[in-house]
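Chain residues, written in single-letter form:
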Amino acid sequence: MARSWQNPLRDERDKRLPRIAGPASLVIFGVTGDLARKKLMPAIYDLANRGLLPPGFALIGFARRDWADQDFGEIVHDAVAEHARTPFRESVWQRLAEGIRFVPGSFDDNEAFQRLAKTVTELDDERGTGGNHAFYLSVPPGAFPVVTQQLAKAGLTGGDGWRRVVVEKPFGHDLKSACELNAIVNSVFAEESVFRIDHYLGKETVQNILALRFANQLFEPIWNANYVDHVQITMAEDIGLGGRAGYYDGIGAARDVIQNHLLQLLAFTAMEEPLSFEPSQLRAEKVKVLRATSPVEPFDETTARGQYGGGWQGGAKVPGLLQEEGFAPDSTTETYAAVTLAVQNRRWAGVPFYLRSGKRLGRRVTEVAVVFKRAPHLPFDSTATEELGQNALVIRVQPDEGVTMRFGSKVPGTTMEVRDVTMDFGYGHAFTESSPEAYERLILDVLLGEPSLFPGNDEVELSWQILDPVLEHWAAKGAPETYPPGSWGPPSADAVLARTGRSWRRP
Amino acid sequence: MIIDLPSTTTSQVNSKLVELRERGGAVALGRVLTLVIVADDGAGLEHAIEAANAASREHPSRIIVAARGSRTAAARIDGQIRIGGDAGASEVIVLRLYGPLAGQGKSAVIPLLLPDAPIVTWWPGAGPAVPADDPLGAIAQRRITDSAAARNPVRTVRARAKNYVPGDTDLAWTRLTNWRAQLVAALDVPPFEPVTGATVTGEADSPSTELLAGWLAAYLRVPVKRVTTTTAEGIVAVSLQRPSGDIELHRPDGKVGTLTQPGQPARRIALQRRSVSEALIEELRRLDPDEVYERALRGLSLLRTKSKVISA
Ligand SMILES: NC(=O)c1ccc[n+]([C@@H]2O[C@H](COP(=O)([O-])OP(=O)(O)OC[C@H]3O[C@@H](n4cnc5c(N)ncnc54)[C@H](OP(=O)(O)O)[C@@H]3O)[C@@H](O)[C@H]2O)c1
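The listed protein sequences derive, respectively, from chains V and E.
The first sequence begins at 1 in this note's numbering and counts up one residue at a time.
The second sequence begins at 1 in this note's numbering and counts up one residue at a time.
Keep in mind that the hints were calculated from the coordinates and are not lab data.
Where chain E lies over chain V, by a calculated footprint (3+ residues, C-beta under 8 Å):
1) 9 to 22
2) 54 to 61
3) 85 to 95
For each residue, glycine too, the CB sits at the ideal point set by N, CA and C.
Only chain E is shown next, with the shape it has when bound in the complex (with noise of 0.2 Å):
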């Protein structure tokens, strides 16, 4: 069910919101955090929503939308409420704001939060430069941002490395964590050999492959080389250097890697890149700081710059 509700005041928002509770028992389930969006009002909303929705399911909360609609109209607030199948597990609050109060969605947001529930603000597109000093950033446990989103994903990134508050996190950061995963198992297993250097290969304005960089070097405190490439998108190859042969992952296509290791058969991985939704689901998962993540970022620092590129 959706509920429009032009011209309207967060008072009404609410009102509304509890005569529904009342007449429907529409809110039927416990809801665990209140997941603030804040987003310019366009065509890329629907798909946070939808993408928010879907990571309700296993995170029933309350979204509230903050959607910025033209500065120059009049002031006004024009509200959405969405329940049952259009929400997901969830209920959708969209606050379409204009004129001077497309600044103001603190103010719009606050009263429609869950009390005492956790607040997690996602911005799917550019975020702000510092998300802790956002209006909407300062209310939330934890802020979410996506790197690659933004115009400059690599400035973008190292700029969130310089203005890391305990609460950050990105997607950028979120999409890696499969092959994070398997670069662990990999060293799990014999020899048991240090390792010695590293390189990561990726396009060259791949935010992900940044801080996989980042993460190498920060963990392994070795020279780690970031290596571009235009022969595909995103992550496309980590070597970890052993005196023993190179661990190597690989993934040309986007879809499959391979894993080689010295004296193991060649592993095919399925590791195709993840959905928003997907990495939405693992962030609401955890809401303390993310200690790895900020190590990551300090990582970006120690990086080799370029050395070559890699060409089609």
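For reference, chain V alone in the conformation it holds in the complex (with noise of 0.2 Å):
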């Protein structure tokens, strides 16, 4: 835009103007996988129907299917009418159709992207997306190297108007292929147009712990290890891996769901509070709380690991990990990783953090839990608060996303008797069509540039770095512990937190 531009009719006070991407297109590599279908078919559907893409945005689909421009359309209706959050308005999807083109080809065929580029060059002029392209790879990684060599042989990486590339999880499976994927990627593509994909960022109540902590002062007087004992955050699936072995099976819980969610969770929880909410200064912080976090030794004692085993689950019969199609029968794969992280600064000095994610466990459910120190003196009969637990702010994230706070209360009745109770807050349903799903919000992001709920490279490479000697360990451990499916973990799990007398929370 020009510097001395300004548009008379944009007033900083005006907040119900919606952020509406400016003019641009989306190409998608892997329309026909999972994640296209279920998420960011649909998510693009409901940003149209919530009037915030750009009039002339164009969808391209790219995959080695033999399809015309009609039929890719069809394959987006029908994922956008099983999927979509918000109702299906034919006036929205006509508009959305009208910009839908798709490109037959595979990722080594020249030809294809150069008519990929074609198609990109022609929809400047038909839709005036002014050279604004955003390149999403939902492919495996594997694709990576080849799919951005070719976007750059084709021509598809400059030009005017802006080009960003979005990747998505895994990040590498270690530091060093980390760096290599970030090397990679940003031969072609500069670090500041690389938004890589951590849906959970996306979700309200993660960025609401940053307003929780930022804009009350009723918490952040605590928020340290003066008055907090140690922070649980956790990621449970019920679900199991049948149907997902080619993704999963030597990967494992700490790669897919430790290394990214719950390290961006904890940097969330656990950093100093940014000078504004400017990108740059929130990265800043986050980076140096990564940077100051380690794994706590010896890791024998401080981590678990298991592997979900068959057996009865809510009611139904479910094959263990080794029986899941697809899986080695002597797979080593962690389907439960828990691990025990430090924060080296004055303020979390002491305070265990504990991560644990898994499979196949009691029930879905994703939260911090700040688990605070006891109250130094209790001027009661000992028998008086012998069901008294420790305070604990629990931040949750998904389902039923809110606040809950634990504390003591009186017993009603003659006798003076404390014991905990719980306070909830639930800020509206997240299942509702008006709050925007986490992939909408990214993606729109994208389109505006906006780079804020985007762990930049050095969080990535970082954030191996925590994990990598834990990972180390357990390479050299042969198979994790079985734990009994709709538990909640291995036994060694517990023993982690026994060691210093805690004990997880039933989340």
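Given two chains presented individually in distinct reference frames, assemble the corresponding complex, making use of the accompanying hints.
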């Protein structure tokens, strides 16, 4: 935008105006995949339905299928009908459909990328996309090098307007591979044009951690080692890995979840107050806290690793991991991982951060629990406070987004007896159409060029640096411990906390 | 669940609420505000409650409906409490006020307000001339009227300009957010040229069209022509004149707009009219004074009177 131009209709006080992306197109690689069908294409429709996409927006699919534009249009239509969150409106769909194109080809086909380049140029004329194009790589990471190289070769990475690339996790499988991957992507796209999706960061509650911490006077004074005993960050799923062997075997829970989502949650929870909410300031604080974070040894006692066995879960008989189709019968991939981390700075010295994630656990839940120290003195009979636990503040990320506080309260009656109670706050219902889904928010941010909610390559590399020693230790250990489906993980996980007299919350 | 409390008092309603809470834990969610709906008892009332229930999914609230019944009846309050599936993510308290009580909505509502939480008052029908002076408007941080529901919408919206108090807002203003967003975005891209004049076309009695014209006049500081038409409902077209050619946004059917700009392909934009609940959701998102609305109201006095009438 021209420096001197001041849009006379803009008024910073005008908070009603939605941020509509400027003219642009989105090219999706891997449109036949699960992610594209269930999340990306529905999110694009929902954005259109909310009026947040620019007029003339174009969606281009690229896949090794012999499809015409209309065929792809139908695929999008079906995905939208099945998975979109907002009601289907013919007029919105028609506008979106006008901008849908399809380019057939495989990743090693130079000609296909030439066709893609041509399609993109045509769209600039027909739809006025102004040379602004985002490339969404919804493909296995093994394909990143070839796709980015092909984009460069076909001249798609430069020109008028902006070019951005969106990549999905996993961002490597250890520090070395992550650096290589970053180098490959950065050789074609400058770092500020790379958007790494961590869909947790698109969730309202995660952003709300910042509001909770930095907009209130109530919490920040006690948000430190003087008052906090420890922090538990949990992401549990009740489903297994049936059908996901290709992606998951050899990766495991720590790489799949702890390296990205949970360490990002840790960063939001533990970071210092940023100077402002400028993307660069936010990142600077996240990087600082990740740099101060390291795993606590000895790993045999501070980490745990498990694999779900077969059995009954919630009324259904489920197979163990080793019986799931596609997994090697002697797979040592962990489906449960727990680690103990320390954040070495003044605020958090001596406060362990316990991170755990697993499949086939008791229920689906993601939360950050800040557990406080006991009151230093209790002026009650010892019998009065037997049932009093530690105060806790729990940020519920999903489902049922909100905040829970746990504290002691007198049990009604003539004796003084104090017991834990909880206080709940839920802001609206995350599953109604009115609150945008994480992918909607993130795709819109890509089109707007707003990088706050995307981890930078330094964050990715630091996260691997934290996790690598644990992964190496585990690699030498053989098979993980088996745990029954529907439980809260293997016994060794309980031992991780028990060694310091603590225990996991039942979320 | 719907609980009827015929011929009741507010303290009975209150104790029923407490009882429900203790017995069933019916109030599961934190409430962020109290929404007071003031309306005449009648057919439109349920629509308003439905819209508010839908909005409560994003803004969990206690909804208190002060429904004015017959003034000639004997003084009486018929109460009703709705919770659970019948109330969205809210709890709804309907107070039907009869006889002299019909004019005493405030005394009935006050005991039922949530402690500390902000209060928003909404008149789904023809609201008072000066919302801030209305007893139920005076207790609210934010007062939502709907000029489109008044008998003479344009005269009403002009009166709003005269009587504006920070905290006032009007759904006729909310309904044009999407139009404004498109126009603002159109000026964000080249060529970056000053706008020299503007024309806004719409139904003669469309308050949103008036406000759109007022907003343009206030912010562009150029002559804005207001053209009336009978070809379609609501706002029909806006054009912004610039040296290299006009930006035009045209919505002939109430659904799809076409944006034309020199040097750019014509673009079609889904621009359907918004439902009341959508408008309400947007309204409840912010509770501070809307300075932009205020400026748009001031802009109404800058408008050139209707220059021509286009008819079908
Ligand atoms: N699904 C999720 O919830 C999820 C969550 C987080 C991250 N991710 C990441 O998101 C990306 C996509 O995930 P997904 O679940 O959608 O994977 P998927 O279902 O396996 O789909 C992969 C896509 O890549 C295409 N593809 C693979 N190799 C190709 C080649 N050589 N030439 C052309 N196309 C090729 C596939 O096309 P064909 O149909 O022609 O094989 C398919 O469309 C991956 O990076 C994954 O790690 C997914």
